[in-house]
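Protein chains: 2
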Amino acid sequence: MWGIIATWRMAHDGVLAAKEMLAADAFAGDAMETAIKMVEDYPYYKSVGYGGLPNETGILEMDAAYMDGTTFAIGAVAGITDVPNPIAVARQLSHEKFNSFRVGAGATQYAMLAGFPRKNMLTERARRIWEKRCEEIAKTNLSPYDGHDTVGMVCLDQNQRMTVGTSSSGLFMKKAGRVGDSPLSGSGFYVDAEIGGAAATGLGEDLMKGCLSYEIVQLMASGLTPQAACDKAVYGFTEKLTQRYGKAGAFSLVAMNNQGQWGVATNVEFTFSVAVKDGVCGIFMAKPGGNQTTVIEPITQEWLDAYEKRIKAPV
Amino acid sequence: MWGIIATWRMAHDGVLAAKEMLAADAFAGDAMETAIKMVEDYPYYKSVGYGGLPNETGILEMDAAYMDGTTFAIGAVAGITDVPNPIAVARQLSHEKFNSFRVGAGATQYAMLAGFPRKNMLTERARRIWEKRCEEIAKTNLSPYDGHDTVGMVCLDQNQRMTVGTSSSGLFMKKAGRVGDSPLSGSGFYVDAEIGGAAATGLGEDLMKGCLSYEIVQLMASGLTPQAACDKAVYGFTEKLTQRYGKAGAFSLVAMNNQGQWGVATNVEFTFSVAVKDGVCGIFMAKPGGNQTTVIEPITQEWLDAYEKRIKAPV
Numbered sequence: 036m037w038g039i040i041a042t043w044r045m046a047h048d049g050v051l052a053a054k055e056m057l058a059a060d061a062f063a064g065d066a067m068e069t070a071i072k073m074v075e076d077y078p079y080y081k082s083v084g085y086g087g088l089p090n091e092t093g094i095l096e097m098d099a100a101y102m103d104g105t106t107f108a109i110g111a112v113a114g115i116t117d118v119p120n121p122i123a124v125a126r127q128l129s130h131e132k133f134n135s136f137r138v139g140a141g142a143t144q145y146a147m148l149a150g151f152p153r154k155n156m157l158t159e160r161a162r163r164i165w166e167k168r169c170e171e172i173a174k175t176n177l178s179p180y181d182g183h184d185t186v187g188m189v190c191l192d193q194n195q196r197m198t199v200g201t202s203s204s205g206l207f208m209k210k211a212g213r214v215g216d217s218p219l220s221g222s223g224f225y226v227d228a229e230i231g232g233a234a235a236t237g238l239g240e241d242l243m244k245g246c247l248s249y250e251i252v253q254l255m256a257s258g259l260t261p262q263a264a265c266d267k268a269v270y271g272f273t274e275k276l277t278q279r280y281g282k283a284g285a286f287s288l289v290a291m292n293n294q295g296q297w298g299v300a301t302n303v304e305f306t307f308s309v310a311v312k313d314g315v316c317g318i319f320m321a322k323p324g325g326n327q328t329t330v331i332e333p334i335t336q337e338w339l340d341a342y343e344k345r346i347k348a349p350v
Numbered sequence: 036m037w038g039i040i041a042t043w044r045m046a047h048d049g050v051l052a053a054k055e056m057l058a059a060d061a062f063a064g065d066a067m068e069t070a071i072k073m074v075e076d077y078p079y080y081k082s083v084g085y086g087g088l089p090n091e092t093g094i095l096e097m098d099a100a101y102m103d104g105t106t107f108a109i110g111a112v113a114g115i116t117d118v119p120n121p122i123a124v125a126r127q128l129s130h131e132k133f134n135s136f137r138v139g140a141g142a143t144q145y146a147m148l149a150g151f152p153r154k155n156m157l158t159e160r161a162r163r164i165w166e167k168r169c170e171e172i173a174k175t176n177l178s179p180y181d182g183h184d185t186v187g188m189v190c191l192d193q194n195q196r197m198t199v200g201t202s203s204s205g206l207f208m209k210k211a212g213r214v215g216d217s218p219l220s221g222s223g224f225y226v227d228a229e230i231g232g233a234a235a236t237g238l239g240e241d242l243m244k245g246c247l248s249y250e251i252v253q254l255m256a257s258g259l260t261p262q263a264a265c266d267k268a269v270y271g272f273t274e275k276l277t278q279r280y281g282k283a284g285a286f287s288l289v290a291m292n293n294q295g296q297w298g299v300a301t302n303v304e305f306t307f308s309v310a311v312k313d314g315v316c317g318i319f320m321a322k323p324g325g326n327q328t329t330v331i332e333p334i335t336q337e338w339l340d341a342y343e344k345r346i347k348a349p350v
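So the protein lines, in turn, are chains C and A. Count the first sequence with the working numbering and you get residues 36 to 350, in order. Count the second sequence with the working numbering and you get residues 36 to 350, in order.
Among the hints, erroneous ones may be present.
Just so you know, same-sequence chains aren't split out, so a pair can sit in one copy or run between any two.
List of simulated lysine to any residue pairs, SDA-like, C-alpha gap at most 25 Å [as the list claims (entries may be wrong)]:
1. 167 <-> 157
2. 167 <-> 62
3. 267 <-> 257
4. 132 <-> 169
5. 275 <-> 257
6. 132 <-> 166
7. 132 <-> 304
8. 72 <-> 282
9. 267 <-> 229
10. 267 <-> 304
11. 167 <-> 348
12. 282 <-> 196
13. 275 <-> 343
14. 275 <-> 256
15. 132 <-> 151
16. 275 <-> 131
17. 72 <-> 154
18. 312 <-> 332
19. 132 <-> 276
20. 267 <-> 230
21. 275 <-> 260
22. 132 <-> 92
23. 275 <-> 133
24. 282 <-> 147
The set of hints was computed from the structure by calculation and includes no laboratory data.
Just chain C, same shape as in the assembly (with noise of 0.2 Å):
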């Protein structure tokens, strides 16, 4: 068996080059870096890797996380700067014993040491995104941070290894050194490669408030189905923060285990593509479906086409 599920639509290019890679028996990590690059160097995926979203001083500051599922091995970066591929610099973290999550300047700076490239990952349709909610926000007194799409993968090769992975610039206009849940271990992101894994995407606030990549591996592990945990785990959380904390910021997670049978949940509409051997292979759109259940059906040719629009429509 392999497969592979990832958070929101600007996933599945890299989902089907990561599907042939699996196909052809390569290790997870790789198929996975690979698909995850895809993400970060489209320049119309505003909230990951090169033309995302910056902070509010106007600098994209990134967040990133590797972990491997045989190992328990992980690297992570946070407020990472000019560099094109945040989980590259993750996984080669995830090699060091000491020193494996480095945030701010220490992370950038591990990152030129380490030979990789340096790049002003703001292009010129983020710029004019930005100045033009800086103006809005000005106005209007709106509340600035509506914009926080990570991608995130959990991949399972032919060997029963397994990865997860993550990449977001974060917050849009978030405060300058402000982390999210994508590079926190148990909240943005989880792995066992004995069970299987989980990653997140939405509020990263929320998230860390609840650490549901790693409570839905710990449900996987006591025998639900991966749709399963994600329904028990993000509806649970849900209704326990709007209780408790008087809200619930919108979040997302897909899981996947190691026989390749996957699941998601979400509080709020959210699009998945996902891949496995001789099954499923597309984008999906999940929404909550009421009692703890969530509704997939597949996307349609209109909506894709509306998403394009979008994305690339003047600013």
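With chain C's structure known, arrange chain A on it following the hints.
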């Protein structure tokens, strides 16, 4: 009922202060912050706050977190510099809905804008220890990383409110921007006031591989006593990590449930301080006892005298 449990002997004076406050009906958050500040302020505790040990470049970078078990609100900082009480900054950040985890220069900027005082946190003694270590490493090709004692506390007040907090200068000689488990929800700390809380100290890189604080809280939720939960999580993961990663670093966890019952487990010799209403109050030594058990003994006057001498010995 009320109670407080904290990692390491260094926490004890703060625990005694918190005990008085809790007996007088103080909020858990206030008692705990008072206790952690006392550790941060004492110059001879060389792994937390003032007098803490710097990173490899001689800069004291600190990590801290605060979590409210009623609302799940979390505030955290990593790689913050020049601030006397990182725990107070973390607590103030816990009131923010967005941007509540700040790292690096952004964390220090937040503290400055919020009006926290600025202080050079490097003592003459810490500078001498650092210089000596640099020389030793240059001469002997030693692994530079051996100190990483976080103060972590779990606190329960008379109104069933619970909080956890952590503060640490992190791994001695760490690379710039290295982050450990202390500011990471689920790894360094977690609390749910309807269940209980846990906090960790040890090698952060390994603690985040197991999300041990969250795991202990979930084990308590499943009905285990804090001691049974700590034993199961700590010894189970030490074994799993040894098998899968090759080696498990040193780590120790403390936990308390919302009845004031407490527990501790550790894979090394480890001191802690605990105080509960009408019950125990003191410093104890914990060690692994074999068969997933922990041996806990009162600390001896001899040990305390040797400790006092050691932390103030000429450098």
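Here's how the hints hold up against the structure:
1. In the homo-oligomer, the alpha carbons of residue 167 and residue 157 lie at most 25 Å apart inside one protomer (15 Å), although the nearest pairing across protomers, at 43 Å, exceeds that limit.
2. Within a single copy, residue 167 and residue 62 get their C-alpha atoms no closer than 43 Å, and across copies no closer than 44 Å, so neither meets the 25 Å cut-off.
3. For the identical chains of this complex, residue 267 and residue 257 are neighbours both inside a copy (12 Å) and across copies (15 Å), given an alpha-carbon limit of 25 Å.
4. For a Cα distance limit of 25 Å, the shortest separation of residue 132 from residue 169 across copies, 20 Å, qualifies, whereas the shortest one inside one copy, 42 Å, does not.
5. For a Cα distance limit of 25 Å, the shortest separation of residue 275 from residue 257 qualifies both inside one copy, at 21 Å, and across copies, at 17 Å.
6. For a Cα distance limit of 25 Å, the shortest separation of residue 132 from residue 166 across copies, 24 Å, qualifies, whereas the shortest one inside one copy, 41 Å, does not.
7. For a Cα distance limit of 25 Å, the shortest separation of residue 132 from residue 304 across copies, 22 Å, qualifies, whereas the shortest one inside one copy, 39 Å, does not.
8. In the homo-oligomer, the alpha carbons of residue 72 and residue 282 never lie at most 25 Å apart, since the shortest distance is 34 Å inside one protomer and 31 Å across protomers.
9. With identical chains, the CA atoms of residue 267 and residue 229 are at most 25 Å apart both within one copy (21 Å) and between copies (19 Å).
10. Taking the shortest alpha-carbon separations for residue 267 and residue 304, only the intra-copy value of 18 Å comes in at or below 25 Å, while the best inter-copy value is 38 Å.
11. In this assembly of identical chains, the alpha carbons of residue 167 and residue 348 lie at most 25 Å apart only when taken from the same copy (14 Å versus 60 Å across copies).
12. Taking the shortest alpha-carbon separations for residue 282 and residue 196, only the inter-copy value of 20 Å comes in at or below 25 Å, while the best intra-copy value is 38 Å.
13. Proximity of residue 275 and residue 343 under a CA criterion of 25 Å is satisfied in neither setting, with 36 Å inside one chain copy and 46 Å between copies.
14. In this assembly of identical chains, the alpha carbons of residue 275 and residue 256 lie at most 25 Å apart whether taken from the same copy (22 Å) or from different copies (14 Å).
15. For the homomeric pair residue 132 and residue 151, the shortest alpha-carbon distance inside one copy (20 Å) is at most 25 Å, but the shortest distance between copies (35 Å) is not.
16. Taking CA atoms no more than 25 Å apart as the test, residue 275 paired with residue 131 passes between copies only; the shortest distance there is 19 Å, against 37 Å inside one copy.
17. Taking the shortest Cα distances, residue 72 and residue 154 sit within 25 Å of each other inside one copy (14 Å), while across copies they are farther apart (42 Å).
18. Taking the shortest alpha-carbon separations for residue 312 and residue 332, only the intra-copy value of 20 Å comes in at or below 25 Å, while the best inter-copy value is 55 Å.
19. In this homomeric assembly, residue 132 and residue 276 come within 25 Å of each other (Cα to Cα) only across copies, at 13 Å, whereas the closest approach inside a single copy is 35 Å.
20. Within a single copy, residue 267 and residue 230 get their C-alpha atoms as close as 17 Å, and across copies as close as 18 Å, so both meet the 25 Å cut-off.
21. For the homomeric pair residue 275 and residue 260, the shortest alpha-carbon distances inside one copy (22 Å) and between copies (23 Å) are both at most 25 Å.
22. Taking the shortest alpha-carbon separations for residue 132 and residue 92, only the inter-copy value of 19 Å comes in at or below 25 Å, while the best intra-copy value is 34 Å.
23. In the homo-oligomer, the alpha carbons of residue 275 and residue 133 lie at most 25 Å apart only across protomers (19 Å), although the nearest pairing inside one protomer, at 36 Å, exceeds that limit.
24. Taking the shortest alpha-carbon separations for residue 282 and residue 147, neither the intra-copy value of 41 Å nor the inter-copy value of 29 Å comes in at or below 25 Å.
In summary, the structure is inconsistent with hints 2, 8, 13, 24 from the numbered list given earlier, while agreeing with the others.
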